[in-house]
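Read in order, the letters of the sequence shown are residues 3 to 341 in our numbering.
These aren't lab readings, by the way, just hints derived from the structure by calculation. Where hints are given, some of them may not hold.
Below 30 angstroms or equal to it, Euclidean Cα-Cα: the simulated DSS-like pairs (lysine-lysine) are [as the list claims (entries may be wrong)]:
(1) K230 <-> K207
(2) K248 <-> K118
(3) K151 <-> K207
(4) K223 <-> K235
(5) K196 <-> K207
(6) K230 <-> K150
(7) K118 <-> K150
(8) K151 <-> K248
(9) K235 <-> K118
(10) K118 <-> K151
(11) K151 <-> K196
(12) K194 <-> K223
(13) K196 <-> K235
(14) K235 <-> K151
(15) K230 <-> K182
(16) K150 <-> K248
(17) K248 <-> K194
(18) K235 <-> K248
(19) K230 <-> K248
(20) K182 <-> K151
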Amino acid sequence: MYNGIVTKVGDTGPYKNGSPTNNDATRSYANGQGVVIADSISKLFNSTDPNLATTVSKTANNLVSAFNKTTAGNSTSLQDKIASFQNALSTIRPTNIELNNPLYVTASTNLSNSLKSLTDPNNGAIAQLQSAINEYQANANIYNAEIKKSQSNLRTIIDNGSWSSEYAIQSIYQVVSALKSTVLNGVQTDSKHKTQNDITINVVKGIDPTATSNFDSNTAKVTTQDPKTSLEKVQIALNDVETAVKQVGKDAQALAITRAVISAQSSASQASLNAAAQDAARRKNSAPTILPTAKAGLIAFFGKHQSVSVEYQYYFRNTNPSFTSGEVTLNYAYYFGGK
Numbered sequence: 003m004y005n006g007i008v009t010k011v012g013d014t015g016p017y018k019n020g021s022p023t024n025n026d027a028t029r030s031y032a033n034g035q036g037v038v039i040a041d042s043i044s045k046l047f048n049s050t051d052p053n054l055a056t057t058v059s060k061t062a063n064n065l066v067s068a069f070n071k072t073t074a075g076n077s078t079s080l081q082d083k084i085a086s087f088q089n090a091l092s093t094i095r096p097t098n099i100e101l102n103n104p105l106y107v108t109a110s111t112n113l114s115n116s117l118k119s120l121t122d123p124n125n126g127a128i129a130q131l132q133s134a135i136n137e138y139q140a141n142a143n144i145y146n147a148e149i150k151k152s153q154s155n156l157r158t159i160i161d162n163g164s165w166s167s168e169y170a171i172q173s174i175y176q177v178v179s180a181l182k183s184t185v186l187n188g189v190q191t192d193s194k195h196k197t198q199n200d201i202t203i204n205v206v207k208g209i210d211p212t213a214t215s216n217f218d219s220n221t222a223k224v225t226t227q228d229p230k231t232s233l234e235k236v237q238i239a240l241n242d243v244e245t246a247v248k249q250v251g252k253d254a255q256a257l258a259i260t261r262a263v264i265s266a267q268s269s270a271s272q273a274s275l276n277a278a279a280q281d282a283a284r285r286k287n288s289a290p291t292i293l294p295t296a297k298a299g300l301i302a303f304f305g306k307h308q309s310v311s312v313e314y315q316y317y318f319r320n321t322n323p324s325f326t327s328g329e330v331t332l333n334y335a336y337y338f339g340g341k
């Protein structure tokens with residue numbers, strides 16, 4: 003062993019002691035790279051759950067679960083709450099007065115439009131969020147497979163190599179660089195359907211493992227976007243849902259206020275009509291009534307100065323319940339003067 007790198011006695015190959023690939027400078031660089039890579043690997047896997055692939059999948063599954071969750075028939079998911087709100091709205095039956103009121107028509111139309119923006123099965127905010135979550139979940143499965151390739155290769159190198167070996171360090175660097183590219187830039191696939199993480203680790207007994215890439219970067223293109231972008235799509239869609247929900251609430255409140263105003267106006271109008279009708283009735287009952295009349299009577303005189311008479315009077319076309327249709331009167335008269 004020379005300065006941390008294993009050599010064979012009498013080695014005359016390209017990696018013999020003092021050669022351009024095995025001197026103080028190359029050994030220092032290799033060991034330095036080994037420390038950097040080891041630190042990167044530690045941060046990569048220790049900053050999440052022990053299994054990074056499991057963490058990615060769990061995030062996707064949690065999103066789907068949160069979106070669809072219902073417990074014991076109690077509506078707790080976003081979709082359930084919106085459905086409940088729609089059902090409540092469907093029970094509202096507008097009156098004819100409301101349907102003919104422009105304010106109600108405008109408020110009702112606004113609420114219908116905001117509900118459509120939220121719940122339209124093709125382009126609504128809910129549908130867009132569901133699509134973003136489904137896409138993230140599908141991408142998570144792809145990330146999972148790619149991460150497992152890297153984990154398997156790293157485990158093979160670590161189990162069969164040495165941190166002081168230039169070959170092992172270069173192999174680790176190659177595997178981690180490919181994984182870094184996946185995390186930052188997405189999964190790339192070449193014309194033979196190989197990704198940047200399709201790396202074969204060559205293991206020979208007694209010799210440190212080496213890595214051989216099966217990936218052709220010249221024919222490759224990004225087939226799965228990076229996890230950060232994929233998750234950002236979910237966040238954007240979630241923000242859109244929040245905005246749409248707030249708009250629905252705002253329009254629903256506006257409709258409720260409009261209905262209350264119309265109801266108050268209608269009640270006030272009816273009260274005015276009732277008051278006018280009552281006033282007209284009072285005026286009608288208190289006004290003098292002139293009706294065609296027929297009168298007949300008898301008169302008797304007593305002496306020179308007195309008389310008694312009986313009269314019957316009948317009113318034609320009488321429609322006023324306050325008046326009788328006929329009446330009888332008895333009159334007494336005394337005449338002054340005369341002899």
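Results for each hint:
Proposed proximity of K230 and K207 is contradicted: the alpha carbons are some 40 angstroms apart, above 30 angstroms. As the CA atoms of K248 and K118 are separated by approximately 13 angstroms, the hinted pair is consistent with the 30 angstroms bound. About 22 angstroms separates the Cα atoms of K151 and K207, which keeps this hinted pair within 30 angstroms; it holds. As the CA atoms of K223 and K235 are separated by approximately 21 angstroms, the hinted pair is consistent with the 30 angstroms bound.
Straight-line distance between C-alpha atoms of K196 and K207 comes to about 28 angstroms, which keeps the hinted pair within the 30 angstroms bound. With a C-alpha separation of about 19 angstroms, the suggested pairing of K230 with K150 holds against the 30 angstroms cut-off. Between K118 and K150, the direct Cα distance comes to roughly 42 angstroms. Violation of the 30 angstroms bound is thereby established for this hinted pair. Using a Cα cut-off of 30 angstroms, the hinted pair K151 and K248 is violated, with the two alpha carbons roughly 44 angstroms apart.
Restraint check for K235 and K118: satisfied, since their Cα atoms lie roughly 21 angstroms apart, inside the 30 angstroms limit. A hinted pair counts as satisfied when its Cα atoms are at most 30 angstroms apart, and K118 with K151 does not qualify at roughly 44 angstroms. Taking the CA atoms of K151 and K196, the gap is near 12 angstroms; set against the 30 angstroms cutoff, the hint holds. Proximity of K194 to K223 is assessed by CA-CA distance (about 12 angstroms); at most 30 angstroms being required, the pair is judged to hold.
Note on K196 and K235: the hinted pairing holds, with a Cα-Cα distance of about 26 angstroms set against a maximum of 30 angstroms. Our distance criterion of 30 angstroms between C-alpha atoms is met by K235 and K151, whose separation comes to about 26 angstroms. Distance hint between K230 and K182 is fulfilled; the C-alpha atoms sit about 13 angstroms from each other, no more than 30 angstroms. Taking the CA atoms of K150 and K248, the gap is near 42 angstroms; set against the 30 angstroms cutoff, the hint is violated.
Simply put, K248 and K194 have alpha-carbon atoms about 49 angstroms apart, too far for the 30 angstroms limit, and the pair is violated. A hinted pair counts as satisfied when its Cα atoms are at most 30 angstroms apart, and K235 with K248 qualifies at roughly 20 angstroms. With a C-alpha separation of about 27 angstroms, the suggested pair K230 and K248 falls inside the 30 angstroms cut-off, and the hint holds. For the suggested pair K182 and K151, the alpha carbons sit about 13 angstroms apart, so the restraint of at most 30 angstroms is met.
The structure fails hints 1, 7, 8, 10, 16 and 17 (numbered hints given earlier, in ascending order).
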